[in-house]
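Chemist: In case you want the letters, here they are:
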Amino acid sequence: MSNQNKPDVQVRRFSKGFVWAHAINGIAFFALYITALPMYTEFFDWLYPVLGGPEGARLLHRIFAVIFCTPTLIYLIFDRKGFFRWMKELVTWKKRDLQFFTEFVKELFGFNFKHVRQTFFNAGEKINSIIQILCAILIIFSGFTMWFPQFFPRAIVQWGYVLHNVGFGLGIAVIVGHVYLSVVHKNSRPGYSGVVTGKVPAWWANDHYTEWYEEEVKKGNFPDLNDPKYKKEA
Amino acid sequence: MTKYIKYVDVTKCDGCRACMVACKNWNDLPADPQDFQGSVQSHPKVSADTWNVMQYIEHENGKGDLEYLFRHSACFHCTDAACEKVCPENAISYSKYGTVVIDQDKCVGCGYCVQNCPFEVISLKEYVDKNGDKYRKSQKCTMCTDRLEEGLQPACVTTCHTGSLEFGEESAMIKKAEQRVKEMKDRFPNAQVYNPQGVGGTHTIYVLAEKPSVYGLPENPKVPTSAVIWKDYAQPIGKMMIGATTMAVVGAFVTNNIISKRKALKEDRGEDHE
Numbered sequence: 000m001s002n003q004n005k006p007d008v009q010v011r012r013f014s015k016g017f018v019w020a021h022a023i024n025g026i027a028f029f030a031l032y033i034t035a036l037p038m039y040t041e042f043f044d045w046l047y048p049v050l051g052g053p054e055g056a057r058l059l060h061r062i063f064a065v066i067f068c069t070p071t072l073i074y075l076i077f078d079r080k081g082f083f084r085w086m087k088e089l090v091t092w093k094k095r096d097l098q099f100f101t102e103f104v105k106e107l108f109g110f111n112f113k114h115v116r117q118t119f120f121n122a123g124e125k126i127n128s129i130i131q132i133l134c135a136i137l138i139i140f141s142g143f144t145m146w147f148p149q150f151f152p153r154a155i156v157q158w159g160y161v162l163h164n165v166g167f168g169l170g171i172a173v174i175v176g177h178v179y180l181s182v183v184h185k186n187s188r189p190g191y192s193g194v195v196t197g198k199v200p201a202w203w204a205n206d207h208y209t210e211w212y213e214e215e216v217k218k219g220n221f222p223d224l225n226d227p228k229y230k231k232e233a
Numbered sequence: 000m001t002k003y004i005k006y007v008d009v010t011k012c013d014g015c016r017a018c019m020v021a022c023k024n025w026n027d028l029p030a031d032p033q034d035f036q037g038s039v040q041s042h043p044k045v046s047a048d049t050w051n052v053m054q055y056i057e058h059e060n061g062k063g064d065l066e067y068l069f070r071h072s073a074c075f076h077c078t079d080a081a082c083e084k085v086c087p088e089n090a091i092s093y094s095k096y097g098t099v100v101i102d103q104d105k106c107v108g109c110g111y112c113v114q115n116c117p118f119e120v121i122s123l124k125e126y127v128d129k130n131g132d133k134y135r136k137s138q139k140c141t142m143c144t145d146r147l148e149e150g151l152q153p154a155c156v157t158t159c160h161t162g163s164l165e166f167g168e169e170s171a172m173i174k175k176a177e178q179r180v181k182e183m184k185d186r187f188p189n190a191q192v193y194n195p196q197g198v199g200g201t202h203t204i205y206v207l208a209e210k211p212s213v214y215g216l217p218e219n220p221k222v223p224t225s226a227v228i229w230k231d232y233a234q235p236i237g238k239m240m241i242g243a244t245t246m247a248v249v250g251a252f253v254t255n256n257i258i259s260k261r262k263a264l265k266e267d268r269g270e271d272h273e
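In the order they appear, the protein sequences are chains A and B. The letter at position 109 of the first sequence is residue 108 when you use numbering that gives the first Met the number 0, and the numbering goes up by one with no holes. The letter at position 206 of the second sequence is residue 205 when you use numbering that gives the first Met the number 0, and the numbering goes up by one with no holes.
Incorrect hints may appear among the rest.
Said to hold, decoys possible - Result set (DSS-like, lysine-lysine): computed pairs, CA atoms no more than 27 angstroms apart in a straight line:
| id | chain 1 | residue 1 | chain 2 | residue 2 |
| --- | --- | --- | --- | --- |
| 1 | A | LYS185 | B | LYS262 |
| 2 | B | LYS210 | B | LYS181 |
| 3 | A | LYS113 | B | LYS2 |
| 4 | A | LYS105 | B | LYS181 |
| 5 | A | LYS185 | B | LYS2 |
| 6 | B | LYS174 | B | LYS2 |
| 7 | B | LYS105 | B | LYS62 |
| 8 | A | LYS113 | B | LYS262 |
| 9 | B | LYS265 | A | LYS105 |
| 10 | B | LYS44 | B | LYS210 |
| 11 | A | LYS113 | B | LYS265 |
To be verified - Just so you have them, the derived chain B footprint on chain A, three or more residues with Cβ under 8 angstroms:
| id | region |
| --- | --- |
| 12 | 9-23 |
| 13 | 39-45 |
| 14 | 85-99 |
| 15 | 103-111 |
| 16 | 119-129 |
| 17 | 167-178 |
Rather than coming from a laboratory, the hints here were simulated on the basis of the structure. Note that CB positions come from ideal geometry on N, CA and C, so glycine has one too.
Build the full structure now, drawing on both the sequences and the hints.
Modeler: Here you go:
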């Protein structure tokens, strides 16, 4: 019972807009990956009959392609403030962000580590965001040229294939780590329920995103965990 | 094995189009009706149902004369074929004759070959199956590989009555082409052999009366640089990257378990001594 001293009070980390945008993004990404996988490697050719033949796979890939374009809009429309905070954090880099990575490697493999004070997003999440944004731009724009080659010069279509490949190749490699950290890794697992429900345990938010948590305490949005009433008698 | 290639001397061609008819006939290709092209040419270029097309080009030769140029156009059967490189299903391969052929059972109709062929001679054809569902397959000239297997020459070559088309041993054909270019330099100063090295040479070589561009052919065709980066670098590196991150998280999972077990063990021992 290592959590016995940790109060079970929850705080809101993500808006509904973010939760939906993130879920649609994730589902569309994997659907797109699976529907194109037999084209990527012959090892998965058995997926063709499952997906309704090459034509079925192609149709599904196009449907999910359109869905894949929507999360940015959803996030922007339903949580404009959150969207711009995200953008601002992505371009803000300080010494603590670099310190984060040395501690992160220790944490990843289960060694002793200390928390480096982070803002709303930690440096790893920021790197993930930046890579995924770049990959999504590559994938979406090159996807257009591949879907509608008749409207583009031949050279653009040919380079589109390369960029599509680079985009999802890099994207999936990073996503493996992203999913592992949230679903499997024990220290960051509350992040997974957080991205589904929007809420995370206050103690966890305070540990992982100290600067953000303290700001919200100052604003009076979050409980101050140093307050004796949150410290259990034990 | 002796390497055989198709030889096309455009200056001997009289534009009779028997090659087009023979191709349709042998390969059982349906009629492909077109609107009037503005000249005697029947189709703008090769298509999924018309694997070779006679080009009729009205060319002003720079001396104020009009040249009426003909060219039998079809797949070049590159030694280094871009279509074969980009095909994601390995549906396109080199036959033992060096001809480039499409396995219709493996083709998924993605059209990557169509977009990457430096000569633009591959087309997608749409079919309807018995359930009314549409599907697509890539189509192009096969160099009558099925005839070659029977010891026959390509249908277009067999039918050509002017000797414009020949099928023969590579070095002999190249020699013949070079000789022919020498013979007609007075009449056609720009005459040349077209056997582009950017695609490793082709299995259809031409004696052209004019520069390739006059015939709408690329002067220096090659496998697109994008196709090389895509297939030789981006794809294998991408597969390595997902392998690397997967190994990293598996490693992390294992070390996490080991370390937390050790910690638990230490704690247990600590308690025992109390």
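Chemist: Now look at each hint and say whether the structure bears it out.
Modeler: Here is what the structure says about each hint:
Restraint check for LYS185/A and LYS262/B: the C-alpha separation of about 15 angstroms stays at or below 27 angstroms, so the hint holds. With a CA separation close to 15 angstroms, the supplied pair LYS210/B and LYS181/B stays within the 27 angstroms bound. A hinted pair counts as satisfied when its Cα atoms are at most 27 angstroms apart, and LYS113/A with LYS2/B does not qualify at roughly 69 angstroms. For the hint linking LYS105/A to LYS181/B, the alpha-carbon distance of about 75 angstroms lies beyond 27 angstroms, and the restraint is violated.
A distance of roughly 64 angstroms separates the Cα atoms of LYS185/A and LYS2/B; the hinted pair therefore is violated under the 27 angstroms criterion. A distance of roughly 14 angstroms separates the Cα atoms of LYS174/B and LYS2/B; the hinted pair therefore holds under the 27 angstroms criterion. With a C-alpha separation of about 52 angstroms, the suggested pairing of LYS105/B with LYS62/B is violated against the 27 angstroms cut-off. Taking the CA atoms of LYS113/A and LYS262/B, the gap is near 17 angstroms; set against the 27 angstroms cutoff, the hint holds.
The suggested pairing of LYS265/B with LYS105/A holds, with an alpha-carbon distance near 20 angstroms, which does not exceed 27 angstroms. Distance restraint check for LYS44/B and LYS210/B: the Cα-Cα separation of roughly 19 angstroms lies within the 27 angstroms cut-off, and the hinted pair is therefore satisfied. Distance hint between LYS113/A and LYS265/B is fulfilled; the C-alpha atoms sit about 20 angstroms from each other, no more than 27 angstroms. Check result for the region 9-23 of chain A against chain B: violated, 0 residues qualifying (beta carbon to beta carbon below 8 angstroms, three or more required).
With 4 residues having a Cβ less than 8 angstroms from any Cβ of chain B, the region 39-45 of chain A passes the three-residue criterion, so the hint holds. Three residues within the 8 angstroms Cβ limit are the bar, and the region 85-99 of chain A against chain B gives 0, so the coverage statement is violated. With a cut-off of 8 angstroms between beta carbons, the region 103-111 of chain A has 4 residues touching chain B; three or more are needed, and the interface restraint holds. Judged by the Cβ-Cβ criterion of 8 angstroms, the region 119-129 of chain A is not covered by chain B as claimed, because only 0 of its residues qualify and three are needed.
By the rule of at least three residues with a Cβ nearer than 8 angstroms to a Cβ of chain B, the coverage given for the region 167-178 of chain A holds, with 8 such residues.
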